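S.K.: Protein sequence lines, in the order shown, are assigned to chains A and B. Okay, so the first sequence: first residue is 1 according to the UniProt record's numbering, each after it adds one. Okay, so the second sequence: first residue is 1 according to the UniProt record's numbering, each after it adds one.
No lab work stands behind these hints: they were computed from the structure. Please read these numbers as outputs of a predicted model, since none were measured by experiment. Hints are not guaranteed to be accurate.
As the list claims (entries may be wrong) - SDA-like, lysine to any residue: derived pairs with alpha carbons at most 25 Å apart: (1) B/K584 with A/P83; (2) B/K1289 with A/R67; (3) A/K21 with B/L486.
Claimed, not checked - Quick list of the computed label-pair ranges, beta carbon to beta carbon: (4) A/S55 with B/T1334: 43 to 49 Å; (5) A/K21 with B/V1253: 28 to 34 Å; (6) A/N31 with B/E1127: 25 to 31 Å; (7) B/P703 with A/K21: 30 to 36 Å; (8) A/E16 with B/G1286: 37 to 43 Å; (9) A/T23 with B/I1340: 17 to 23 Å; (10) B/Q1200 with A/N31: 49 to 55 Å; (11) B/D747 with A/K21: 47 to 53 Å; (12) A/T23 with B/G698: 46 to 52 Å; (13) B/Y129 with A/K21: 41 to 47 Å; (14) B/G1286 with A/N31: 25 to 31 Å.
Even glycine gets a Cβ: it sits at the ideal position worked out from N, Cα and C.
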Amino acid sequence: MAAQVTERFHVLAQLEHLQSKYTGTGHADCNRWEWITNQHRDTHASNMSHPGMLSHIAVVENESRARTRFNLLNRMVQPCGPPLEKSPLEE
Amino acid sequence: MSRPNRRADGASYAAELNRKRALNAAEPDQDENGGNVEKIAFGAAGGYDTDVYGSVRGGNKGAFDDSIGTGEEEDDIDTDAVSQEVKTQKKGSYSAPQKFIAEAQKTADEVDPFEDTRRKTIAERQSNYHARARQRQISPDRIDPYIDQTPDLRNRDYATVMKEQMLSEERKKVDREIADKAKSGELKDSGSAPDKKKGRWDEEEVKPDTLGVSSTPSGGRDASRPKQRLGFTAMAAEAATPVVARWDETPSHVAVGDATPSTVRHGDATPGAATPRRNRWDETPKGERRDDGGMTPAWGMETPAGGRGQDDIKIEDTPSASKRRSRWDLTPSATPAGSATPSGAGGATPVNFTPQHPGSMTPGGMTPGGSTPVGNLAMAMKTPAVPMVPMTPEQAHVWRMEKEIDDKNRPLTDEELDALFPPGYKVLPPPAGYIPLRTPGRKLLATPTPMGGAVGFTMQGTPERSEAASKMFGGLLESQPKDKDLPPLKPEDMQYFDKLLMDVDESQLSKEEIQEREIMGYLLKIKNGAPPQRKSGLRKITENARRFGAGPLFNQILPLLMSPSLEDQERHLLVKVIDRVLYKLDDLVRPYVHKILVVIEPLLIDEDYYARVEGREIISNLAKAAGLATMISTMRPDIDNVDEYVRNTTARAFAVVASALGIPALLPFLKAVCKSKKSWQARHTGIKIVQQMAILMGCAVLPHLKSLVEIVEGGLEDDQQKVRTITALCLSALAEAAAPYGIEAFDSVLKPLWKGIRMHRGKGLAAFLKAIGFLIPLMDAEYASYYTREVMLILIREFVSPDEEMKKIVLKVVKQCCATDGVEASYIRDEILGHFFKAFWNQRMAMDRRNYRQLVDTTVEIATKVGSVEIIARIVDDLKDENENYRKMVMETIENIITLQGTSDIDSRLEEQLIDGILYAFQEQTQEDVVMLDGFGTVCMGLGRRTKPYLPQICGTILWRLNNKAAKVRQQAADLIARIAPVMHTCEEEKLMGHLGVVLYEYLGEEYPEVLGSILGALKAIVNVIGMTKMTPPIKDLLPRLTPILKNRHEKVQENCIDLVGAIADRGSEFVSAREWMRICFELLELLKAHKKSIRRAAINTFGYIAKAIGPHDVLATLLNNLKVQERQLRVCTTVAIAIVSETCAPFTVLPAIMNEYRVPEMNVQNGVLKALSFMFEYIGEMAKDYIYAVTPLLIDALQASDLSAIRSIVRSPLTPSLISPSECTDSDARRLSYQRNVLEYLSFRGCIDALVHLLNHVWPNMLENSPHIIQRFVFACEGMRVSLGPLKVLQYCLQGLWHPARKVREPVWKVYNNLILGSQDALVAGYPRIENTERNTYIRYEMDYLL
């Protein structure tokens, strides 16, 4: 019985391990800054890799596609600005 | 006493009879009865007949049997057990049959009846060579030169170790010289009296004494080692080891007479034990006792041999086998405590224990704080420093048994008697005239007198059944550590974990002690605990590794690993601990590298593959942690160790280090070692390292091949034969690893190798040949041809070598030579074949398994070069050889050749010979083996249509053999039919097959299951090739005959029968009535219980065929009924069968019935229905879309089962997973659909969105379940919904819970969200919510607002 239980845990643990290997995943204790930063990066990556989207943005911004791409790439660094200050409560 | 006399009488009587018989035989009328003489000679028994009936036979010859056929029956008795002696005197004495006597004898020596079931410890299965691992010393710590601190003076540095090494070598040399001198008589033994005494202890010459060194009694060491060496290694070890350091590294708490994890063979004269650390014996304060005590039976003293006071009664060395009896004689007391105490510290004689409170004085030495001995004797004796005395597993076992029996037989207490007797009984006072026994002997044994106590007999109190006793280990040993969370100890663990048994106040202990206890606790959990305990122990010890430090950790782990009672599992766990700890400790481990190596190196030569892998893993991690320099300086001294074992393991460890740190790093060192002038051992080991590297790393040596060959090449011309041999072996390993590249690297060694094969003989030559054998395949064709011719002269010369090893190598080299391109067929034919067949194709080669293999391989290899006919023609006649193994070898060779090359070359003459030979060999076989069958099958298949003329003959043989008395013969015949049925089909022998079919059908009544299985297999083969319509007997007769056979419980029968039935159901179902199929359905349900998976699978598939044949309704009714059974496996199989039925007969025919069944208010049934649905959806694939609306209400009902509050917890856990599976299946379809871009269908599937959302609404609340099983299913279901509904829909659900204040809600939702990220990261971009900026951060994704 004990073995079964541990096995079940095991599958979940494996899943969790798998999830933790990828960027963009989160957990119950992450904060909104982390979450939204990942959203932004996902968005930029998606926009860059879909030629249609890239053209769309380039036209709107009145830039060349390459420039737009470059801009998006640059904005991958802290897309939402600096991380939240740690609240004293967390200590 | 009377036996020998009687035997003598019998013998004289027999002689008399023989004389008479000889006279009779001389008479003419007895002559024709020649056998008679022999019959009588068989035993004296026959003698009577001749005398008594002699006259009668003269007149009426033949009317009487002259012998009763007793011979055969007597043969049935186990004749091996009956000794020759007994046979001859059988007549003379009547006694119990020999086997009973033997049995009684066996039980007399207290054999453990569970011996076979007990798991063997590693030590028990090891060979002598492997066991040497435990004789190595765990060496003291070494200095870590890479830290800045001043090194601890007690630790040794490299120079010290090397010095010690040299010293021990020199000692050994001197020792050997002295031994030689002593042998030649030049040296006079000036042994003194004490020397003599010591000599008695180890029962060996104590050479060191002549040097004036006092020897330690090095008891019970492995006798297989040379004697003088023994004394000296111990000495050397002692002298070499600085005392402080030595004590440092011991697990320390074990004191006095402990430390003996005794590997000793019991019954050794010496009570000591072969300790890995021998030098402790001198610490044992038991000297004086030993000196006068005669042979004290081991320290686990079983006899309550009194102290010195009892010199008048001799109770010395009671042999352990009769311990029990002697104890009963001796102790009238019911307290075995004293007796069984293995009160280790020699002086502690159990007599001294006061037996007044037997309960409290329990486990003799075992409970800390057992009662203190009083009295004179106690004064004389030494107080045992530590009460704990380890026992060998055997002793512990014996002891446990005794304890148990004593417990059962102890006198009844007054209360118990009261409870037993009806009221009205009273206790009588002893009669007035009663005088207790006063015989001195008994008195002494009976009553240990306390000091100042009254003289005379006192009645002992009845031992109480104390509370504690029941808890204890066999009532004696306490095995549960004080900390109740820890697992109990095994008796063998006592010496390592005894501290945990003591109740101590943690606050009183020093920091080190607390830590020690902590580590000990973790180790115990890991070693003996249940899986969760092990896991937590492992985690804790890893986490805290750096806090504990390397020293305290390894000082506890390593001795455990050296323990002789270690089991595989425990070793694995401990090795795992080391591995984890190593990782954490990193460079802190440096001082302990050698210690660890001593323990881990033996794993590298373990017979268990996984142990070897683990060993490699550890050593390579160790190398990475400690660094190359440390590894080299640590292992360098072992490279020229005198002990071959140490060198061997070191070489292997070095190879692992090389693979971990890269070969280039090690090259300079290896170069230096292999060129060492100082000792040949170093060169030998160096070259061996290279060999092991090649074996371990394979083609990874290629980049460094040149330098490696250069390093070892000098060894080919070494002075030492051993070095030359290992060099050749090393080169062959390198060539094997490098194949087929790298011949350039070997250029420099070709010449010495060629010179070598001309110079060497015996083992050396074998190694050189092996090297050449591996080099030739690397060469290009031209060279290979040239070198083959060169080496072949030597090989042919060695063909006749009597050495088995040489034979194998020669065969291997011939094979390698023949396989290379440059060697031409004509050359092989002319130069090699003749010698080859003359030397090797004989019966002797077939005897040894490995020779057999090698010869077959080589011959097949030659055949590919020279053509199959050449070889087959040479050996085909040997199929009729009288030696069966040899015939098998011939058959296997022919089979391999034909498999590879076909039969097109074989002419009709050879074909005839072949079939003839095979038939002969097949008929003559006695061994149970597939070689002949396979060979027969392969040859027939190879010949194909050409078999036709022989088929009648073959079938005749088969038919005749099917009728044979011996079961094996019948089985082989049936198996053969199965093999050749396809050939018969190609030959269009349908009539013959029909005939065989009928015969097989008649034999279906076979009793032997093995044979029956084969017959069914043969029928199956025939049915498969001949087809259902043409089959004789007709299917409608055959199948009803099979139905009862389905009941057979034998696996082979079941498997073959279900296959046959399945084949018929699949292709010939119309020949059988529906009723018969229903009958079969019922039988099939039983088959779902089978252990073998293939049987269950075949049965389930058959359900599908049957349902197809007769319609689903009846089959389904049977199956649904079966859902009510208890066994889970049966239900699972039934659900699978239901799913298969609904797949084969279209779901709409089945679904109503299944869904109706769900209304049965029974958990198993509902559960089964849901499971069946889930399997069904999985099987029917995209068809599922038609049924989603149909099953949705049912699923919702099941999802809401939580409302049934009472059974909620029970119902839900099994229900939910199966429920959700259907949606899982629909998703997998959706996934497939989207891949197929079948838009139309996809859209129609989209029509189910409302149903799926509805389902998701019911699935979602399940995230709050506690069971991880349900959570897992919940996550999977959401994953399914992601695919079928799209990720955005699920994201919307998630957004509700991602930031929920309750962690219990957040956690599962994040799991689902993470799955969304993994699966559809890109698609989510469009669905993220818009979040307003803060002063600090911009959260709005402005690109999303762009509009053109």
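S.K.: Hint by hint, note whether the structure agrees.
M.R.: These are the hints, each one checked on the structure:
For the hint linking B/K584 to A/P83, the alpha-carbon distance of about 32 Å lies beyond 25 Å, and the restraint is violated. A C-alpha spacing of about 34 Å is found between B/K1289 and A/R67, which places the hinted pair above 25 Å, so the restraint is violated. For a cut-off of 25 Å, the pair hint linking A/K21 to B/L486 is broken: about 35 Å separates their Cα positions. Distance hint for A/S55 and B/T1334: a CB-CB separation of about 32 Å, inconsistent with the stated range 43 to 49 Å.
In this structure, A/K21 and B/V1253 meet the distance hint of 28 to 34 Å, their C-beta atoms being roughly 31 Å apart. Distance hint check: the CB atoms of A/N31 and B/E1127 are about 51 Å apart, inconsistent with the given range 25 to 31 Å. Checked against the hint of 30 to 36 Å, the C-beta distance between B/P703 and A/K21 comes to roughly 33 Å, which is consistent with it. At about 24 Å, the CB distance of A/E16 to B/G1286 disagrees with the hint of 37 to 43 Å.
For the pair A/T23 and B/I1340, the supplied restraint of 17 to 23 Å holds, since their beta-carbon distance comes to about 22 Å. B/Q1200 and A/N31 have their C-beta atoms about 36 Å apart, which leaves the hinted 49 to 55 Å range violated. Remark: the range hint 47 to 53 Å for B/D747 to A/K21 is upheld by a beta-carbon distance near 50 Å. The hint said 46 to 52 Å for the Cβ distance between A/T23 and B/G698, and at roughly 37 Å that hint is violated.
The supplied range of 41 to 47 Å is met by B/Y129 and A/K21, whose beta-carbon atoms lie about 46 Å from each other. For the pair B/G1286 and A/N31, the beta carbons lie near 28 Å from each other, so the given range of 25 to 31 Å is met.
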